[in-house]
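Trainee: Listed below, chain by chain, are the residues.
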Amino acid sequence: MTGLTVLYDPVCGLCQRAHGWLADQPKLVELNFVPCDSEEARRRYPHLDHALTKKDLTVVSDQGAVYFGPKAWVMVLWALVRYRDWSYRLSSPELLPTTRRVVSLITQNRYQISRVAGL
Amino acid sequence: MTIGITTYLIYLAISIALTIWVAQTLHKNGRVFLVDVFHGNEPLADSVNHLLVVGFYLINLGYVSLALKLGYEVRTAQEGIEALSGKVGMVLVVLGGMHFFNLFIFSRMRRRSSVHHGPPPVTPDAFTAVQEG
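Chains as they are written, first to last, in our numbering: chain D, 1 to 119; chain Y, 1 to 133.
Worth flagging that the hints you see were computed from the coordinates, not collected in a lab. From the three backbone atoms N, C-alpha and C, an ideal C-beta is built for every residue, glycine too. Some clues are possibly wrong.
Unchecked claim - Cβ-Cβ distance ranges computed for the label pairs, FRET-style:
id	chain 1	residue 1	chain 2	residue 2	range
1	D	Gln16	Y	Arg108	31 to 37 Å
2	Y	Phe101	D	Trp21	27 to 33 Å
3	Y	Leu92	D	Arg82	32 to 38 Å
4	Y	Asp46	D	Arg82	23 to 29 Å
5	D	Pro93	Y	Arg108	21 to 27 Å
To be verified - Example chain D residues on the side facing chain Y (calculated, C-beta under 8 Å, incomplete):
id	residue
6	Met1
7	His47
8	Gly64
9	Ala65
10	Val66
As the list claims (entries may be wrong) - Which stretches of chain D does chain Y cover? Using the computed rule of at least three CB atoms under 8 Å from a CB of chain Y, they are:
id	segment
11	37-46
12	55-62
13	75-85
Generate coordinates for the entire structure from the input sequences, incorporating the hints supplied.
Mentor: Structure below.
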């Protein structure tokens, strides 16, 4: 795997902040950022359910492997030099349920979090 | 030569000999780890190994030197041996601590480097066609 495309929500401040942070991190796998449900996203992935990508963070590999929600978060961490070991930790059977809960909590409340944090 | 000075000299001899022995053990056996960490890049492994050993020497000899002063007078041979035992014991504990710290660094470097070649941690949820360009 040489690259991952991150379909992020361009409307949410938290996601934009995360995008900026990720762009600065040293990477083991290249990350491309494409706004979800955009022209570009539809052109690249004509068969993907784009309504679904608006609900949850989606990551697509160069080979077309699709990761939704918590798995997408873990894959993004896996791409980073400093956080690859965390991707293994968070996706271990003991921690995966917690990872899922925390990720869905953040995802569902991302607009409120952005508003409260002033992003 | 008073018993006090003899105690100091024996302390220095034992501490320095121990430091050299541990450092050499580390140098000899740490190399294999480092060559593995740096994927067979031997000059780099040797260089890092040497730098680690220099740090090890500096910290340990620094400690040995700082801990030399007894702070009380040694009058009999028995007191000398007791003082010596206490001082050398502390040096051994510090050496042991440093040694395990070094091992920890080696193993962490090794894990870090192996993690960089690991497969994705999760399986994909689906597959989709990718339109290139």
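Trainee: Now look at each hint and say whether the structure bears it out.
Mentor: Results of checking the hints against the structure:
1. Evaluation of the 31 to 37 Å hint for Gln16/D and Arg108/Y yields a pass: the beta carbon distance comes to about 34 Å.
2. Between Phe101/Y and Trp21/D the C-beta distance comes to about 32 Å, which sits within the given range of 27 to 33 Å.
3. Between Leu92/Y and Arg82/D the beta carbon distance is about 37 Å. The supplied range of 32 to 38 Å therefore holds.
4. The hinted range of 23 to 29 Å is satisfied by Asp46/Y and Arg82/D, whose Cβ atoms lie roughly 27 Å apart.
5. Between Pro93/D and Arg108/Y the C-beta distance comes to about 24 Å, which sits within the given range of 21 to 27 Å.
6. Taken as an interface hint, Met1/D checks out: its beta carbon lies about 7 Å from the nearest beta carbon of chain Y, inside 8 Å.
7. Interface restraint check for His47/D: the shortest CB-CB distance to chain Y comes to about 5 Å, inside 8 Å, so the restraint holds.
8. A distance limit of 8 Å between C-beta atoms decides the matter here; for Gly64/D the minimum to chain Y is near 5 Å, and the interface restraint holds.
9. Using the Cβ-Cβ criterion of 8 Å, the hint placing Ala65/D at the interface with chain Y is satisfied: the shortest such distance is roughly 4 Å.
10. Because the smallest distance between the Cβ of Val66/D and any Cβ of chain Y comes to about 4 Å, under 8 Å, the interface hint for this residue holds.
11. For the segment 37-46 of chain D, the stated coverage by chain Y is satisfied: 4 residues place a CB nearer than 8 Å to a CB of that chain, which reaches the threshold of 3.
12. Counting residues of the segment 55-62 of chain D whose C-beta lies closer than 8 Å to any C-beta of chain Y gives 3; at least three are required, and the coverage claim holds.
13. For a cut-off of 8 Å, the count of residues in the segment 75-85 of chain D with a CB near a CB of chain Y stands at 5, and the three-residue condition holds.
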